[in-house]
Amino acid sequence: MAEEAIRIESVTKRFGDFVAVDDVDISIAQGEFFSLLGPSGCGKTTTLRMLAGFEVPTEGRILLEGDPVENVPPHRRNVNMVFQSYALFEHLDVENNIAFGLKRKKVAKDEIKSRVTEALELVDLSAKSGARPNELSGGQRQRVALARALVNRPRVLLLDEPLGALDLKLRRQMQIELKEIQREVGITFVYVTHDQEEALSMSDRIAVMSDGRVAQCGPPEEIYEHPTEEFVAGFIGISNLLQGRVESGNRVRIGDDCLEVPDLGDGHGEGETVQIAVRPEKVAVDEVGGEPYRVEPDMFTVEGEIESKVYLGVGNQLTLKLGDGSRLVALEQATYRMKADEQWEVGQRVTIGWHPEHCMILS
Amino acid sequence: MDPALDRGEGLSSKRFWDWFIFPGGIWIALLFAIPLFLVLALSFGHVDDFGRGVYGFSMDNYKDVFDSTYVPVLVRSVGYALATVILCLLVGYPVAYFIARFGGKYRYVLLAALVIPFFVNYLVRTYAWVALLADQGLVNNLLVDWGLTQEPIQMINTPFAVIGGLVYGYIIFMILPLYGSIERMDPSVVEAGKDLYGSPLQTFLHVTLPATQAGILAGCVLVFLPAVGDFVSAQLLGGPDTYMVGNLIQDQFFAASNWPFGSALTVVMMLFLAVWMVFYLRRASKGEAEVL
Ligand SMILES: Nc1ncnc2c1ncn2[C@@H]1O[C@H](COP(=O)(O)OP(=O)(O)OP(=O)(O)O)[C@@H](O)[C@H]1O
Ligand SMILES: [Mg+2]
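The listed protein sequences correspond, in order, to chains A and B. Quick note on my numbering: the first sequence kicks off at 1 and runs consecutively. Quick note on my numbering: the second sequence kicks off at 364 and runs consecutively.
No lab work stands behind these hints: they were computed from the structure. All of these numbers come straight from a predicted model, not from anything done at the bench. Note that CB positions come from ideal geometry on N, CA and C, so glycine has one too. One or more hints might be untrue.
Among the chain B residues that face chain A by a calculated CB cut under 8 Å, a handful are [stated by the list, open to error]:
1. ASP549
2. VAL552
3. ALA555
4. LYS557
5. LEU559
6. GLY561
7. THR571
8. ALA574
9. ALA619
To give an idea of the chain A side of the interface with chain B (calculated C-beta under 10 Å), a few residues [as the list claims (entries may be wrong)]:
10. PHE18
11. ARG76
12. PHE83
13. GLY101
14. LYS103
Can you build the whole structure from these sequences, using the hints too?
Following this line, the structure appears as C-alpha cells:
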C-alpha cells in the first residue's frame, strides 16, 4: 500500500450520552479516493468534521501523514473541506473566494494570482472570475467551492455530500468531473455520500457506516459482491434475502430445494439458519415448459410465479413469488437477443435460477 | 389590463378595499402632514413683540441655526450620536452574537429579557440612571462606603453620562438587527473561514463581519437617527455643556418661546436625518441592509 495519508485509530465521538461515531478504525492511502457511505445520521459528517478539526474525538487518535492532530485547530491543519452548502463568501467575487485561503497563508501576491488562475481553469470557470456567488448556478457554485479548497494544495480534501444539492443530470456530470480532477491533482479525497451508486462509481475504497460504526470497508467490487452483513447487502443495491438451513457440507436447504454453495464461510454449523442474498441482476427467469433461454444447466433453480412487473426501459424489474411465499426481485436487462414481442405477464409460472457462486452468505 | 378588472366582482371589491385608505389617510393628514407644514411655514417667520410666532418669508432663522452660538450644539449632537452608535455596536455585537450562536433553546428568552425593559418609558428608564449616577446616587454611595473614593465622583452632568443614557436608551435597535443577520448567517461560512487557514480573529474580520454587514448598517442607522435628535438623556443626565440639538429645540418651544427659530431647527434636523434615511433605504432596497 502507498504511504498513509490518514489514520483514524479507535475513534469514538459522543455528544452527551449519544454515540455518533463508535470505535472507528480507518486507514486511507495517499492519493486515494475514499468514500464514507451510509444512511442519514450514521456519523459520516461527524467523522469528516473530526478530520477537518471542527470536532474533537472523545476517544482515539487521528493521524495526518503520521502526525497526531486531534487537538490541532482547523486553520492549522493542511486539509480543506468542501461544504455541502458550499459556504461561499457572498461578499467576495469568485476570484477572491478562491484566493481566501492563500491570502490567510500569506502567499506572495503574484503566486496567488497564478494559482487562482490555474484553479479557475481546472474547474472551467475562468469566464466567471468576477462574478458574485449569487450570480452563479448551483453547479458553478459547487465548482467554486472545489477550486477554493484545491487551490491551497491540501494534503487531503474532505467533501461532505458535495453534489447533494444538484439535480440528477448535473450530478452525474459533476461525478465524472470530480473524479477527473482528483486524478489530475492526485490529492487524497475523503468523500461523504449517502448515494451508493455515486460511491461505487467514484471510489477506490468505500467504508460503509451504520449507527456510528464501520460495517465494512473495501473496494467497490468487494462491497458489492461480497457484503459481509445484511446491512451492507441491503444498503448497496437491492438484495434478495432468503432463509436457508445449513445441511451437511456446503449444502443449504431453501424450502424444498437444496443449494450447494462454493464457500459457506467459517463457523456455520449444521442445522443453523443463514441468510442468503442474491443480486437481482444475477437472477435468470424463464417460462416454465418453454425452451431454456436464460436459465443455464448449472444454475440452482426454483419455481415461482410473476407477481408484478415494472418496465424500466433498459429492461424489466420482476417481483417473483416462490412456493413458500417468499419473494425475489429479478432485474432483466433488455439485450439485442431479446425477441421484440417477448413480454412477461403477471401470474405466469416461471423457472428462476442463479449460479450458486452468486449467492452471498450473510452472518 | 389588470386581470382583476375583467371579473365583474373584481372591480367593486377592489374599490371597496380602496376605501380603507381613508381613516388612516385622514389621520396622517391631520396629525402629521398639517403640523409638519405649519412647522415649515413658521420656520420662515419671526417673533412679534409679545413673543408670539408670526408667519413670514425670511431666512433669518436658518441663518441663526448656523450661527456660531448653535453650531457647537449641532456638532456635539452628531458627535454624541456617533459615539453612541460605536458603543452600541461594541456592546451589542457580542451580545447579539452570543444569543444567536450559543443561545440554543434559550434564544427567545434571552431576547425577551433584553426587549422587555424597553417597554418601560424611556423617560422613566433614564430617571433610573439619575438615581444610579447622582452624587448621592447608588454608585457613589457604594464607592464611598467601600472606601474606594473619599468624595463622590462627578458622574452626572458629564458627556459620559449623556452618552451612556443614549446607549442604554437605544441599544436594542442595534441588537435586534444584528441578531437577525447573525442568526441568518450560515454557520458553515464561519467554519469555511477557519478551514481556509483563517485564525479566529481573521475569520471574524474577513468572514463574520462582512456576512453580517446588513445588520450592522441597519443597527447603526436605527441608533443614530433617534440618538442625534434625543433630548431626554441630555436633559436628565447632562447640563448646559452637554446640550444637544433636541434640547435646543425643546427650549425654543417652551422656555425661550421662539417658535419660528425652533421650527427652523426642526426642519434642518429633519433634512439631515432624511439624508441618512434615504441612504439606508436605498441600501435596504438593494438587499444590502436589514429592514426592520
Ligand atoms: N453537535 C451535535 N450535537 C449533538 N448531536 C449531534 C451533533 N452533531 C451530530 N449529532 C448527531 O450525531 C449523529 C450523526 O450525525 P452526522 O451529521 O455525522 O450524520 P450523517 O451521517 O452525516 O447524516 P446525514 O447523511 O443526514 O448528513 C446524528 O444522529 C446527529 O443527530
Ligand atoms: Mg451529513
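Status of each hint after checking the structure:
Restraint check, ASP549 of chain B versus chain A: the minimum CB separation of about 6 Å is within 8 Å; hint holds. Proximity of VAL552 of chain B to chain A holds as hinted, the smallest CB-CB distance being about 5 Å (cut-off 8 Å). Contact between ALA555 of chain B and chain A, as hinted, is supported at the beta carbon level, the nearest pair being about 4 Å apart and thus within 8 Å. A hinted interface residue such as LYS557 of chain B counts as satisfied when its beta carbon comes closer than 8 Å to some beta carbon of chain A; here the least separation is about 4 Å, so the hint holds.
Given the 8 Å rule on beta carbons, the hint for LEU559 of chain B holds: about 4 Å separates it from the nearest Cβ of chain A. Interface restraint check for GLY561 of chain B: the shortest CB-CB distance to chain A comes to about 5 Å, inside 8 Å, so the restraint holds. The interface hint given for THR571 of chain B is broken, as the beta carbon of that residue sits about 11 Å from the closest beta carbon of chain A, more than 8 Å. Taken as an interface hint, ALA574 of chain B checks out: its beta carbon lies about 7 Å from the nearest beta carbon of chain A, inside 8 Å.
Hint status for ALA619 of chain B relative to chain A: violated, with the closest Cβ pair at about 50 Å, above 8 Å. Annotation: PHE18 of chain A was flagged as interfacial toward chain B, and the flag is violated, the nearest CB pair being 16 Å apart, outside 10 Å. Because the smallest distance between the Cβ of ARG76 of chain A and any Cβ of chain B comes to about 8 Å, under 10 Å, the interface hint for this residue holds. At about 5 Å, the closest approach between the beta carbon of PHE83 of chain A and any beta carbon in chain B falls short of 10 Å, and the interface hint on this residue holds.
Against a cut-off of 10 Å between C-beta atoms, the interface hint on GLY101 of chain A holds, since the closest Cβ of chain B lies about 4 Å away. For LYS103 of chain A, the suggested interface contact is upheld, since its CB lies about 8 Å from the closest CB of chain B, less than 10 Å.
The structure does not agree with the numbered hints 7, 9, 10 stated previously, though it agrees with the rest.
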